[in-house]
Structure formats: structure tokens, C-alpha cells
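> Each chain, letter by letter, is given below.
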Amino acid sequence: MLHFEQVFPQQNDHVRQLFGLYAKRKRIELNLSRSAVALSLLISNYSYAAIEEGKYALNSKIFEKLTAILFFDEDELIDLSQVAKVRAMNEVAEAMCNEYPA
Amino acid sequence: MKKNAKFYDQRLRELIGELGLPLKCLPDILELSSENCLSWWSQKKSIPLKLEHFQRLESLVGISENSLRSGVYDLELARKRVSDNSLILPERYCTNQNSFLRTSFHIIKYLILTRGQSFADQILYNMNVSPLIYSNLDTKVNLTYFMDLLDTLSKAGLSNLEMDSLSSVMFLSMHETKIGQIIGQGNNAHDVYSLLSKNFEYFDTNFEYKSKFIGNSYILETELPLSKHTILAQAHESTLRLMRYRQILLAWFPYLTGGTPIFPSTSLEIKSDRILASYSFNLSNSIKPQVQLQLV
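Read top to bottom, the protein sequences are chains V and Y.
Our numbering puts the first residue of the first sequence at 812, with every later residue one more than the last.
Our numbering puts the first residue of the second sequence at 754, with every later residue one more than the last.
Chain V extracted, bound-state conformation (with noise of 0.2 Å):
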């Protein structure tokens, strides 16, 4: 099993972010309520609204418990940290080229 640091050894909003959408289509497509998974995971519904919405620091305690309540998979955890990186790429141009798009 991968560990949260081996697939997103740098955190930022793109990893949150990114890792909050997947969780979120995880859920979904096993048919469980928000409330259903922050009860699994011991935490309130609001911290796990926070999750999906990609603004909770996260940490390999959660990341462990979540892959293993909505069954992420380890080739598509390692396609969210590279999409996670180019965005990050882009952010960085967007913040200092004067040439990024408007």
C-alpha cells in the first residue's frame, strides 16, 4: 500500500484540492452519504466536508483510512500528484510571466 508521502510528498492547495475531488467522486460512485464517511473516519461532517472541498491539511492517518473506506487506487493516487504538479507548474507562470494568458 502506498503511503500519503510517497504519493504527495509536497502538499499544497492542487494536491488538496485534486485529492478532495477524488474522494468526493470515490464516495459517490459507492453511494455513501458525507455524514456515513466522517463517522468512519472519526471526524465531524464539517471537517470532512473540508476534506472534499480540498481545505483540510491532510495527514497519512486519514489518507489511510480513506483509501481504505472508498477503496483509492494506487495508479489513479499517482495520476492525481503528477496532474497536482502541472498545475502547480502552471500556477507558478501564471504568478511570474508576464506572458501567462490574461
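Just so you know, these hints were derived from the structure itself, not from any lab.
Hints may contain errors.
Below 25 Å or equal to it, Euclidean Cα-Cα: the simulated DSS-like pairs (lysine-lysine) are [as the list claims (entries may be wrong)]:
#, chain 1, residue 1, chain 2, residue 2
1, Y, Lys893, Y, Lys833
2, Y, Lys908, Y, Lys963
3, Y, Lys963, Y, Lys862
4, Y, Lys931, V, Lys896
5, Y, Lys931, Y, Lys908
6, Y, Lys931, V, Lys866
7, Y, Lys862, V, Lys837
8, V, Lys837, Y, Lys908
9, V, Lys866, V, Lys896
10, Y, Lys862, V, Lys896
11, Y, Lys833, Y, Lys797
12, Y, Lys862, Y, Lys893
13, Y, Lys797, Y, Lys759
14, V, Lys837, V, Lys876
15, Y, Lys803, Y, Lys862
Facing chain Y, according to a computed beta carbon distance under 8 Å, are these residues of chain V, among others [what the hints assert, rightly or not]:
#, residue
16, Leu829
17, Glu840
18, Leu852
19, Tyr857
20, Leu891
21, Ser892
22, Asn901
23, Ala904
None of these values were measured; they are calculated from a predicted model.
We put the beta carbon where it would ideally sit given N, CA and C, even for glycine.
Based on the hints, put chain Y in the right spot on chain V.
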């Protein structure tokens, strides 16, 4: 029978007639035995119809259930699909088909990854396209297809950040393509754009390309005659979105050699008969090649 169920019952019967749908398809839509379906059809049996039944019809016909229910849809296309082939593209995507479907596959994969198959399917249904067309990535489409795909995604709520990343995400799998293998041989940004210049046909055949190196700059001029893309001529905002996608795409080619994207300064003119886009890439931080490159 409740109001909605009554409307759905009536509407489904109308659709079966309009589409020329064979009654043998009813079990797939109603998820009942053939016997019960025929009983329903001959009004001997009442079944509470729901949205799910129209969603099944949607996957059968490749047209969004919302359009089917409202009655505002391409009837001719729908009938062709029922009688012939669910993979038929709407007429809108069937002129000047100069692009392969594979060049948008990364977008579909991204949607499946982040939102799931159902969301990706719905995006395509909203374009009156069956998701099954992606079973053959050699299918040819046109620029209007890309424009509509980007528009549909924007309307579906993808943020500007996500929309911008769609062109960059393509490069995560581009090394598997012909153009990716060619450009991957380069050592630096000069090599990248030099190789791209010699292989535009692997990148895109809709636009006309002229390029040159002046000092440390790479200048790329592109032109799209709108006589062949009349829908783009009438959709200014959508065309801008498409051109933004292309601008970011062109910036990301150095990624194939381990470099960072180089965003060009861009000049865009949308005229009545053509689109002119010029890009100037500052390669001053890149090392010029010392050895003549061998092209594959």
C-alpha cells in the same frame, strides 16, 4: 398516477414513436421483462416512470435525457443512432475533420479521474455525442468538437485553473505519441521548437504554420481560415477559450525534455475570414544545440 410520472409516461411513449425505437429495446429502458414491457406499452399495466428511465434512453441514443424530455434535440441524429450506429457524430463535428479524437482523450481521462465516468459521460451527452466514440481514438473530429468540449466543461463548473491545466495534463502522456517521441529527443527549448517546426503535421493540421528563430526568440505565426470553420466565426468567446487552450499547449512542449513551460507573448486577431495568432517565445535561458539533430 402522480403528475411527473404521468408526464414521463406520456413523454416516453412519444419518444419511442419519434425515435422509431424498436419495442425490443424496452426491457433495457424499463428494466422489466419483455412481457411486462409489452403490457405497459399496450396500457394493460401501469409503471411509475422516473428520470432513471430517461437516463437509460440517454445512454442508448447518446443524447442528453434533458433534451429528450424537453423535446429539443436533433431528431434526425437520434433516429440514425437508433437504427444504425450510436457512434455517429452530430453533423456539426463532421466537416473538416482534421483532428483525431485521441488529442482530447486526456481531457476525458482527467474528468474520469476527478469526477468519475458518469460525469465524463454526461459532458459528452450534452454535446449529443456517445461516450462510446472514445473506444476508437482514431475517429476524426474537427475544431468545433474541441471548442464545444471546452465550452461544455466551462458550463459544467470547471474553474479557470482547471481549464488551464487541461492543456498541460496532455503532456503527462504525450511521450507515448509520435510528436512526443520526436520532441523528446531534444536537449533544450531550442531543440524542442526546432523539432516542432519540422513536425507540425503531427501536432495539428487545422492551422497553417510559419516559424523562425530570431536571435534567442522563436516566432510562430499561425492562421486558421474560417471558411472551413464557420461555427468558430460565430462564437467569439468560445473561440477565445479554444485559443487560450492552444497558447498554453504551445508553452508546455519543453516539458517533454525535462524543461519548464515557456509562455510566449501572444498576438491574436479574430477577423471575419480568419484567425491570426502569433507567438514569440523567449528562449534566452536555453542553450542552443551544438549538434545537428537526427529526426525520426
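> Going straight from one Cα to the other, do Y/Lys963 and Y/Lys862 come out at no more than 25 Å?
Roughly 32 Å separates the two Cα atoms, so the pair is violated.
> Would the hint linking Y/Lys862 and V/Lys837 be met if the CA-CA limit is 25 Å?
15 Å, holds
> Tell me if the straight-line CA distance from Y/Lys931 to Y/Lys908 falls inside 25 Å.
33 Å, violated
> For the pair supplied as a hint, Y/Lys931 and V/Lys866, is the alpha-carbon distance within the 25 Å limit?
Violated, because 40 Å separates the two Cα atoms, which is more than 25 Å.
> Classify the hint on V/Leu829 as holds or violated, based on whether any CB of chain Y lies nearer than 8 Å to its CB.
Holds: closest Cβ of chain Y sits about 6 Å from V/Leu829, inside 8 Å.
> Given V/Tyr857 as an interface hint, is its Cβ closer than 8 Å to any Cβ of chain Y?
Since chain Y brings no Cβ nearer than about 22 Å to V/Tyr857, farther than 8 Å, the hint is violated.
> Should the hint that V/Asn901 touches chain Y count as held when the rule is a Cβ pair under 8 Å?
6 Å, holds
> Does Y/Lys862 lie within 25 Å of Y/Lys803 when you go C-alpha to C-alpha?
Violated - the C-alpha atoms of Y/Lys862 and Y/Lys803 are around 30 Å apart, more than 25 Å.
> Under 8 Å, Cβ to Cβ, is where V/Leu891 needs to be relative to chain Y, so tell me if that hint holds or is violated.
OK, holds: V/Leu891 within 8 Å of chain Y, min 7 Å.
> Was the hint right that V/Glu840 lines chain Y, CB cutoff 8 Å?
6 Å, holds
> Hold the hint about V/Leu852 up to the distance rule: shortest CB distance to chain Y must be less than 8 Å.
With a minimum Cβ separation of about 21 Å from chain Y (threshold 8 Å), the hint on V/Leu852 is violated.
> For a C-alpha distance cap of 25 Å, please report whether V/Lys837 and V/Lys876 respect it.
14 Å, holds
When held up to the earlier numbered hints, the structure conflicts with 2, 3, 5, 6, 11, 15, 18, 19 and 21 and fits the remainder.
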